[in-house]
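2 protein chains.
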Amino acid sequence: MINIGILGYGTVGSGVVEVLNTNQESINKRANEEINIKYVLDLRDFPGDPIQNKIVHDFDKIIKDEEIKIIVEVMGGVEPAYTFVKNALLAGKSVCTSNKELVAKHGCELLQIAREKNINFLFEASVGGGIPIIRPLNSSLTADEIDEITGILNGTTNYILSKMAHEGLDFDTVLKDAQDKGFAERHPEADIEGYDACRKIAILSSLAFGNQVDYEDIYTEGITKITAEDIKYANQMGRAIKLLASSKRVGDSFYAMVAPFMISSEHPLFSVNNVFNGIFAHGNVLGDVMFYGSGAGKLPTASAVVADVVDAAKHLNRNIMQLWSNKKLELADIRSSKTRFFVRVSGNENVQLNVIEGIFGKVEVVKVSDLKDEFGFVTEIMTEADYQVKAEKCEGIINRIRIED
Amino acid sequence: MINIGILGYGTVGSGVVEVLNTNQESINKRANEEINIKYVLDLRDFPGDPIQNKIVHDFDKIIKDEEIKIIVEVMGGVEPAYTFVKNALLAGKSVCTSNKELVAKHGCELLQIAREKNINFLFEASVGGGIPIIRPLNSSLTADEIDEITGILNGTTNYILSKMAHEGLDFDTVLKDAQDKGFAERHPEADIEGYDACRKIAILSSLAFGNQVDYEDIYTEGITKITAEDIKYANQMGRAIKLLASSKRVGDSFYAMVAPFMISSEHPLFSVNNVFNGIFAHGNVLGDVMFYGSGAGKLPTASAVVADVVDAAKHLNRNIMQLWSNKKLELADIRSSKTRFFVRVSGNENVQLNVIEGIFGKVEVVKVSDLKDEFGFVTEIMTEADYQVKAEKCEGIINRIRIED
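Protein chains in written order, with the working numbering: chain R, 1400 to 1804; chain Y, 1400 to 1804.
Don't read these hints as lab results, they were simulated from the structure. Be aware that a few hints might be false.
Heads up, the list lumps identical chains together, so a pair's fine if it works in one copy or across two of them.
[Stated by the list, open to error] Below 20 Å or equal to it, Euclidean Cα-Cα: the simulated EDC-like pairs (lysine to aspartate or glutamate) are:
# : residue 1 : residue 2
1 : K1428     : D1546
2 : K1713     : E1515
3 : K1624     : E1803
4 : K1697     : E1544
This one's a predicted model, so the numbers in the text were calculated from it and none came from an experiment.
Between the sequences and the hints, there should be enough to build the whole structure, so can you do that?
Below is the structure:
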């Protein structure tokens, strides 16, 4: 029997208990051991709940119990999660977490402690919810040099953009609807400003490239400026607007960015809609690969946490995660990153095209029939810096969205 | 240093050599050891090739060499691969293979030998080429009861169906084009009759359900009867025709089938086009998950084989694969499997609809404007047996295709 302690009995924590109960038999068989929940740490009591007798309020009780071999951290946030997890690892207990803030900020150090102690720090659920992506990066894509990893990593924003696209609604209306349905939080900034996706792509990039990518270094732009009109242009172009979190190796430089992109119908992420997530990777020998599934939600996230518990149970005294080194990966300045831009301008294309092409060079005009007094155009490939300079010379720009093919 | 021997220097074998050379540094780092190719077994010599001095013609030389820890089997076919692999495992050498025929027929026994010897028999490349699917099934989806696994597992047929759909061409024309381009073999039966997909879904089902699924038991229907006209109906319905290889748990029964299906644009496999493969799975807590990538090709397949070599190198004396038991999974009779059917009939819908609905119950008529003197209809959900009985009463049926939503 392997005893575990769960830190936090919120959505994911109660999901972990539910998954362990629901699939008890097959999980124990795969772990080669009975997994037993001995403690659940929470500030609250849960009278009447089947786990009420396992509730403890003091972390010390868990960490001092020699019988506890694995700790599940599903509290979220950096503190006190960091202190708890670090002390757990130092005490020789493996940790499985769904906490992206923790992993993005302290993953490298916590992996190092786990390696020194010959135990495990696992975090499959911290990116992409139930989608297996951390373990495949760690143990499947090992023959490749990964040169790109691009994901739709935030279900809330993908739901909002999908609903805007399918129903022609504007951002505020859909956000309110998402909040009413519980798909978006009352304070939605972490999602809609791209901060959540930013932490997740920092974790994936650190693993894929082997060095520390600081999320603070990643250029991050949310979806709050995307309008119903932008989406009409995207539809007209046969494209979808998606919030992409992306890292790329270009020669010896690494770029990372979170921003809305217009992607073509040929892109593997094009049909990732609603609250689903998708993660695309390109390896130098493998070519394209994509992973798709539920990026959030109680049970899918708990499924990934419990899969980590099974793995930790099978490897109680054997470290299995690749490290990413604490050497900082210096990201190239985003201003040298190259892309095509879709630009919306007020006015009339017949009158203004000459001036615009004088500034931007050859462009491709896009016209949406029911949008009067404005038009769009697509530039050639240029750097962000070039675009900035040209955009400042160009009058009447309403919005610009990057294009990914 | 870990010495390996490669059995077969054909497409995949030369790919394995190329991948090991191209990404030597990062592969050795991930394996924590230098991987050294000591022998390549082939009947031919390769004068001038960098591996010419490693070529041997006698398997005994490899199996008797104590320095060889890992054997890569990329010859294909059941014999002599089975004899070589079994003897290699019995001699305490781990084996990595891309050979689906071998794994479908003898996987259970070979996994058992590897477990007894505390070494590994790995076969990531046997299904889905470069797509990580075997390892995720083995070590990521461990918190779930898998109740469905459905894949587009054959790149040749997917290329043919995609090209028929996009260019309106008929089967024979596209097959010939695919043969000319090297996407289809001169003797294409294994692909177009579904035998290749059948072996692959047998492997995935055995792993997902934990018991032996014999590929001979799986109802298998190829794509040779799909016509350009069928595809016009599919387009009209906003659907795609895909060769699906599928296993489902329905209550206590298991169904497995390979057949062309019309799938909706909402299905995660809808946009898996051309030579790409996609594998969809549903877990009881995870929900939907899908894996997408290059299902064949020299380098993607070799990437998966080399990832197995890295894993075998990291686990030289530790067995890591879940077994599937040698207990045979009794598949339910396909005649009790339920689905909706799309049916094409010659004649006129206004004249015949009453008779058809008299036989089939309520149907949904589909009409393609440039197909005169025929029409299509979609039935309600019914068993295969029911459909057979009804179809025999119905005159003028041209073709029928199952529908998957």
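Exercise for the section: Taking the numbered hints from earlier one at a time, note which ones the structure violates and give those numbers from smallest to largest. Expected result: none
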